[in-house]
Amino acid sequence: MREKAVEYIYDSLVDIVGKENVVTEERELRKYGKDQSFTKPRNPLFAAKPASMEEVQQIVMMANRERVAIFPYSSGTNLQGGHIPTERGITIDLSKMKRIHKIDTISRNAIIEPGVTFAQLQDEVQKYGLKVLTAPGVPAYGSVLATYLDLTPLYSWCLYSIWQLLNIEMVLPTGEIMKTGQWAVRSGADTPFTWVTQFTVINRMFIGAQGTYGVATAGAINLKTLHEVRKVIFIPFQTIEEAIKAVFEIRSVEIGEETFIANPLYLSLMLADRSPEEFETYRKNLSPWTVILVISGWQEEAAYQEEDLRELALNSKFELLTELPGIPDAGEKILREILYPRGNDSQRLYKGVCNPIFTYVLPKQIWKLIGITEQLAKEYQYPSRDIGFFLLPLDYARGYYFEPSFHRNPEDISETEKVRTLFNRVSEALFQEGAIFDRPYGAWAEMVYNNAGKFHRKIREIKHMLDPENIMNPGKLAFYRRGVIHG
Amino acid sequence: MAKPKYPLERYDNPALAEKCARCGTCRAVYADNTSSVRFSYQCPSGTRYKFESFYPAGRMYLASEIYRGKLDWSEHLLKIMYACTLCGSCSELCSKVNIITPCEIIEDIRTLSFSRGKILPGHNTIIDSLRSYDNPWLQPRTSRTRWTKNLSFEIKDATKEKVAVLYYVGCTTALDPMLHGVAIATAELLHKAGIDFGILETKERCCGSTARRIGGKAIWDAYAKENIRQFNDLGVKMIVTSCAGCYHTFFKEYPESGEMKAEVITGIQYIQTLIKEGRLSFKKEVEMKVTYHDPCHLGRHTGVYEEPREILSLIPGIELVEMERNREFSWCCGGGGGVRSEFDELSEYTGNERMREAEATGASTLITHCPFCKSNLGRIESSLGVLDIVEILQQAVL
Amino acid sequence: MSLKDIKNDLINVVGNEWVSDRYEDRLPYSKDKVTAMGFLPSRMPDFVVMPKTTEQIQKIVVLANRHKIPINQIGAGVHLLCGSIPTTGGITLDYKRMDGFWIDEDNMTVTLEPGVIAGGISGEFRSRVRKGGKNVRPYFPGAPGSSTYIGALIFAGINKLVSNKLGQGMATVTSLEMVMPDGSILNTGSGAFPLGPGKFWQHGPGPDLTMLPFTSWGAYGICTKMTMKLFPIQPGFMPFWATYMATEPAVEAAIELLHREVGTGLVITTRWMHCAYSATTRDEDFRLERAAPKYFLGVALEGTKRHVAHDLKVCQEMAKRTKGRIVPPELILVYGGPRANIEGWAQGDSCRLMRHNPALTGLYVYNPIDKFSEFANICDQTVLDTPEWRDYPNPGDGIYNCGAQMHSILYGQYVLCEYSFSIDHDDPKHVTGFAKLIQKMGHLGWKMGQGPYAALREHEPADLLGTFYDVAERFKRLIDPNNILNPGIAFPNL
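Residue numbers (my numbering), protein chains in the order written: chain A, 800 to 1286; chain B, 410 to 807; chain C, 9 to 502.
Certain hints may be false.
Unchecked claim - Label-pair ranges, simulated between beta-carbon atoms: (1) B/668 x C/447: 52 to 60 Å; (2) A/851 x C/444: 43 to 51 Å; (3) B/477 x C/347: 37 to 45 Å; (4) B/688 x C/25: 53 to 61 Å; (5) A/1115 x B/693: 53 to 61 Å; (6) A/826 x C/113: 54 to 62 Å.
To be verified - Simulated coverage check for chain C against chain B, where a stretch passes if three residues somewhere in it have a Cβ under 8 Å from a Cβ of chain B: (7) 102 to 114; (8) 154 to 163.
Hints listed in this document are in silico derivations from the structure and should not be mistaken for laboratory results. Positions of the beta carbon are idealized from the N, C-alpha and C atoms, including for glycine.
So here's chain A without its partners, still in its complex pose:
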């Protein structure tokens, strides 16, 4: 880009957001240009920190005029390079937009800006006896809106599998403002909670779009009741098949709320908060698989759920524990983790970086996919005890979010290369075995869309319709990068 053009862009940004809100230092820009994924790092030209929807709109309009790419950034916690620029453009850092516009305690919904974090919102809504649903892997300083827009699986998805993101206020790539669903009418301004209105698809298609269809500047989201009784039950299993069977039985009769399955590495890292040595100790005491279930409700409600669970455990012959051997306060730690997750940060305690693969699978596929992962690890001489496995049942355990993860020391180039190759090989193998990648970031995009050509063609057409200049997060979702004919 020519120097004069760069200068113009800088001047425009200063004009819009103020000098103090434009980042130019390469050192500071690094946070926008990389993450722990294998996405090629690239710093943006500048990062701008707007404080309002109007400022976002002005930035987008300027970007259209100057044909410069925009890369939205909320908290950078999606672990797959979603915010990393594909060219030298402008990163819009939405973290300053931290307002909670409304908490509706009757409908249990809230209207928030993209910079609102889980921690911030959790603190606020708890005053009203409510809670915000969190995602495993996303730390509490992560953006609620961005997490929900990304369709990140949530701890409570075994019970509430519908979208928690109801409606969105967007700045479209052309600079137009759009509000979806009920928000689109004046009468809906205060309570824009209905997403089933005319042309529901126009609401929903911005979800999962990885920021390529526009910038969300506010969202209406759903909250849940924070119950007075929250009790964690641990159920140990020797085999994954047994664990899956038990979870199916539990979820079929709707016992409990948050439910997940983890292997010793994942679980021990989740529970350790002091040192790597601590988690090694924990790991030794854990069964090959542990089901974690949270009984949640008012007093009598929690009581009958426990009774139902005990009856089920007796009939199906599995053990119920309220604590884990050698791990003090395991239950409390889980509850804290769910409300204020450390997310992937806790997994990094081991070697510094943890690279997860996001897939959805059927229960009957799981043992085979675990086998494939371990087999490939062996081929690449990667120790299988360094693979984390995390499984989250979907509603009624009809399917699972299945997340194998690989640990590495980022300073160790050889290990990093090994994990990169393994990560890609395992992704490919899982995909060929039928695992579903619904968040096709980075290399996954090519892998998925080479096989889902018709779907890709359709979303590309929509991209071209919304973003004729291809300025919004170009190159993501295997959309063509700028300079290449698209559509």
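Following the hints, complete the assembly by docking chains B and C onto the known chain A.
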């Protein structure tokens, strides 16, 4: 079965047809009573032809146009209105949710078209036969008594000897050799029970039902008046009939034309009474797995559902299994409404559907109590035999 | 190209038996209750066509593009809002021949073609359970009848009581096979992954297109297969009803129950509708109404036996606290409402609402639950302020045949508020009265909330919905440049 909410003379009110809400309830078995997709359909002509015009709602839209004088009697319109077995399922289902009786309206449309001279060729033959032979099947009157030659006793001529009970055989049963077994079984059972009964022999005239179904209401009316006069003159106390169609018209429709002094009862209802009175008892076991088909004229049109089932449950050795669509949700046999004479393909299709449903029960025999049902279902290729209930009773009693 | 040429092309695709241009065959596709009342014009299609397969539909779409002839679609045609009446002739597709279905217990899904009737598939699952099969079933929409098609109902946003727990029907759809306006096939959700294990999950690769046919009146494509989730049938079930004379205390009780997430379904229903559902005859209907209070709060309780017992206790406490009168079990047999709906199956009872006077329509808007009372009061007042309606003598004594009702979606995330009327479309005075009323209501609707059925044709949609509508229209132009699919209904200006 719901009675018409409006007097007959108001059927030509287009507003009545327009009260159809097009809810689709008439197209399928009521949602509470289904057991599969395969056997959840209703309305044979709609299920066969699929276009809305062949379903009751479509016919109601067309009826209101006809009543307003906006439609010509095209060949296709006549097909729409006549390719309907008048099974009454639509009226039955509609009564659960709404207030109209589409079946009666369709019949009224036929009366209108008939009065305008729009008579289909196959139906013309029926009319000519009635005029010539007092029966719809082009059979001379003398043929009516052929079935009596196989009786084990001398049957009385009710026109010559006074009898308490008149056995009204019906044209179809009397004139179709494939159905003689029904007449024979009925007569033998009545005789076994010691009933003083007779038949009208060659003086038996058609009940008029076939004429009415194809729109010849005036012809039906003439038969009704004549038959009522004959029955009243004979002084019979009870009229027993083998034919569901005859029963329907005697019981529900004849009161429009005149007052019949005798009580009318179906063969199976009368035999049930005889069993209860101890005049008939079961001597033999009949080892058979059967399913019962509710004739439209007996079931929906006159409400006789349980008596045949009660009898079947009493017969030693009989195992009764129900089809999915039974009682008021029964699927038509395809034999009625003048359809077989003009749209035999629809008649066969409808019968075929019913036999497939019967086969799904695992039964070896389909039992019914109507000559049209027995005839139409009996001609469908199937692993099941088709019998009238009196034929089974005959095996068990005699 | 003449209509005759088009007819020949259609015959080449589906066969002579399944194409008709006869007046008598086309007439029933030109009318419904709303045209009968004269609110919208009755218009005939040029052809009625009955396809059997997805491939046939593709070919029809291609030839429609070639001839620039529009395609209309009809489900059961009961929607009462003219979604299936053509605006400019064309080809009406009727899907009755497409009644295939596939149950996949591994994936816990069922895939349905568009002609599968709700009652039939409901019976299919009921009998599987009876015969010892897996205790599962899909979501069955409520209204309006035994033989309507699940797909069409769900696409229109029709609810069911179980929407309290599961959301609206569309939230239980995992994958669609769509014929797009250019004739290509699009699979959405996990169905977009050709190597995937099945259509068990509603998210496809990237932007979510699963909602393409929902509340878009057929404008965006033709759905030829819909895959829905199956849900375990819970071991225990019990209906709970309490009555109120006003909405406010009923809403207060409902809010508490929703916060506690009690009930698979939760409804506050108006007297006339509840009695119409409950009665088996018209006379019984009127008798029940004369004795009934104005509002019924209903909760469908499902779960383990302990769960149901606990929730019942909570409902009883809430009712007592808000001075509602609990309907005892023996009276629930009489005032049971839409029983099959409440119990989780397809129901035929909706059409009983037609029994007073055989046309039913109303105002449907979505709102937060605390706006329901305001909604009901405003509507009631509007009725009282409209003498042409209020003073009209009616077999139901006038006061009984309109009223407000509310269904909860996802434990009060939002609720569907309805104000429904039954109308004697036979009588011009009644229709005039209703017309005046619905005009007032229509304007109110946009002020009080937004629903899927808002009559866009009466308003300038761009004015009402702004950029949202504009993007929807651009999307329409993108995928259907010839505007052949259901033109003039969702997008009156195209």
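Against the structure, the hints:
1. Separated by about 55 Å at the C-beta atoms, residue 668 of chain B and residue 447 of chain C satisfy the suggested range of 52 to 60 Å.
2. Checking the proposed 43 to 51 Å range against residue 851 of chain A and residue 444 of chain C shows it holds: the Cβ atoms sit about 45 Å from each other.
3. The beta-carbon spacing between residue 477 of chain B and residue 347 of chain C, approximately 39 Å, falls within the hinted interval of 37 to 45 Å.
4. Taken as a hint, the range 53 to 61 Å holds for the pair residue 688 of chain B and residue 25 of chain C, whose Cβ atoms sit roughly 55 Å apart.
5. Checked against the hint of 53 to 61 Å, the C-beta distance between residue 1115 of chain A and residue 693 of chain B comes to roughly 54 Å, which is consistent with it.
6. Our hint of 54 to 62 Å for residue 826 of chain A and residue 113 of chain C holds, since their Cβ atoms are close to 57 Å apart.
7. Interface restraint, the stretch 102 to 114 of chain C with chain B: holds (5 residues with C-beta to C-beta distance below 8 Å; minimum three).
8. Counting residues of the stretch 154 to 163 of chain C whose CB falls under 8 Å from any CB of chain B gives 3; the rule of at least 3 is met.
Checked against the numbered hints above, the structure violates none of them.
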